[in-house]
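Given chain B, put chain S in place with the hints provided.
Number of protein chains: 2
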Amino acid sequence: MKQSKEFLLHKEIAVETVGNGVTRQIFGYNSQILLAKITFEKGSIGDVHQHPHVQTSYIESGKFEVMINNSKQILEKGDGFFVPGDTDHGVVCLEAGVIIDTFTPAREDFLK
Amino acid sequence: MKQSKEFLLHKEIAVETVGNGVTRQIFGYNSQILLAKITFEKGSIGDVHQHPHVQTSYIESGKFEVMINNSKQILEKGDGFFVPGDTDHGVVCLEAGVIIDTFTPAREDFLK
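Each protein sequence line maps, in turn, to chains B and S. Each residue of the first sequence is one higher than the last, beginning at 345 in my numbering. Each residue of the second sequence is one higher than the last, beginning at 345 in my numbering.
Hint data in this document are derived by calculation from the structure and do not stem from the laboratory. It is possible that some hints are incorrect.
It does not matter which identical chain is meant; a pair holds if it fits inside one copy or across any two.
[To be verified] PhoX-like mimics (lysine-lysine), calculated; alpha carbons at most 25 Å apart, straight line:
#1 355 - 456
#2 346 - 416
#3 416 - 349
#4 355 - 416
#5 355 - 386
#6 421 - 355
#7 349 - 421
#8 381 - 421
#9 381 - 407
#10 407 - 349
#11 381 - 416
#12 386 - 421
#13 381 - 349
#14 381 - 355
#15 381 - 456
#16 421 - 407
So that you can see chain B by itself, here it is in the shape it has in the complex (with noise of 0.2 Å):
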């Protein structure tokens, strides 16, 4: 796998539809990391899910419902959660934000 540039400025990286009010950018990486960039509109959501990759993320703005492993907690600005691999998880965006969104190993599948 490749690996990211080394500076990564917000205006010259492309801004992708996830859809449903949520959109992505993807930041540094290589095959060991990636770091992505979540927007959310109010009353968005991210669907609960699972993967094998570890996640810790922090929020930026906002304020969501996060679900870890059936664990429900609202987080603001300034906030994290942390996800073990294989653990089911989501977000329903209460206030319009973004969440940093980590990962080990890279999301290959946000790569494509």
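Frame of chain B; chain S shown alone:
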């Protein structure tokens, strides 16, 4: 190595003094990945250093001169950078702000 809690409320996370205008909070981690929020006062410096961990970072706020492997770039809110393992890097804070740093594997030295 242990693993962080799944929900990480910023009010509950210790703010560690790194020194010289820099503080750090540790968010979600296990042995494979670790996310840290680093807050810089204007004029503070993240000294040039290197580590075997691969790093992908996101500028939450502020303005920084970022050096990676002898290349320099001014980065602002919304930009990012990627540091391969064993590669010199450092930052100079031009306007007070926050960088979200994520590492693989975890920075065990941050957990002591």
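Status of the hints after comparison with the structure:
1. 355 - 456: Classified as within; 20 Å inside a copy, 38 Å across copies.
2. 346 - 416: This pair counts as between: shortest inter-copy Cα distance 22 Å, intra-copy 36 Å.
3. 416 - 349: between (36 Å within a copy, 13 Å between copies)
4. 355 - 416: between (34 Å within a copy, 18 Å between copies)
5. 355 - 386: Both: 23 Å inside a chain and 24 Å across chains, each within 25 Å.
6. 421 - 355: both (23 Å within a copy, 11 Å between copies)
7. 349 - 421: between (28 Å within a copy, 18 Å between copies)
8. 381 - 421: both (14 Å within a copy, 13 Å between copies)
9. 381 - 407: both (15 Å within a copy, 19 Å between copies)
10. 407 - 349: between (31 Å within a copy, 19 Å between copies)
11. 381 - 416: both (22 Å within a copy, 23 Å between copies)
12. 386 - 421: both (14 Å within a copy, 22 Å between copies)
13. 381 - 349: both (16 Å within a copy, 22 Å between copies)
14. 381 - 355: both (13 Å within a copy, 23 Å between copies)
15. 381 - 456: This pair counts as within: shortest intra-copy Cα distance 16 Å, inter-copy 29 Å.
16. 421 - 407: both (7 Å within a copy, 20 Å between copies)
The structure fails none of the hints (numbered hints given earlier).
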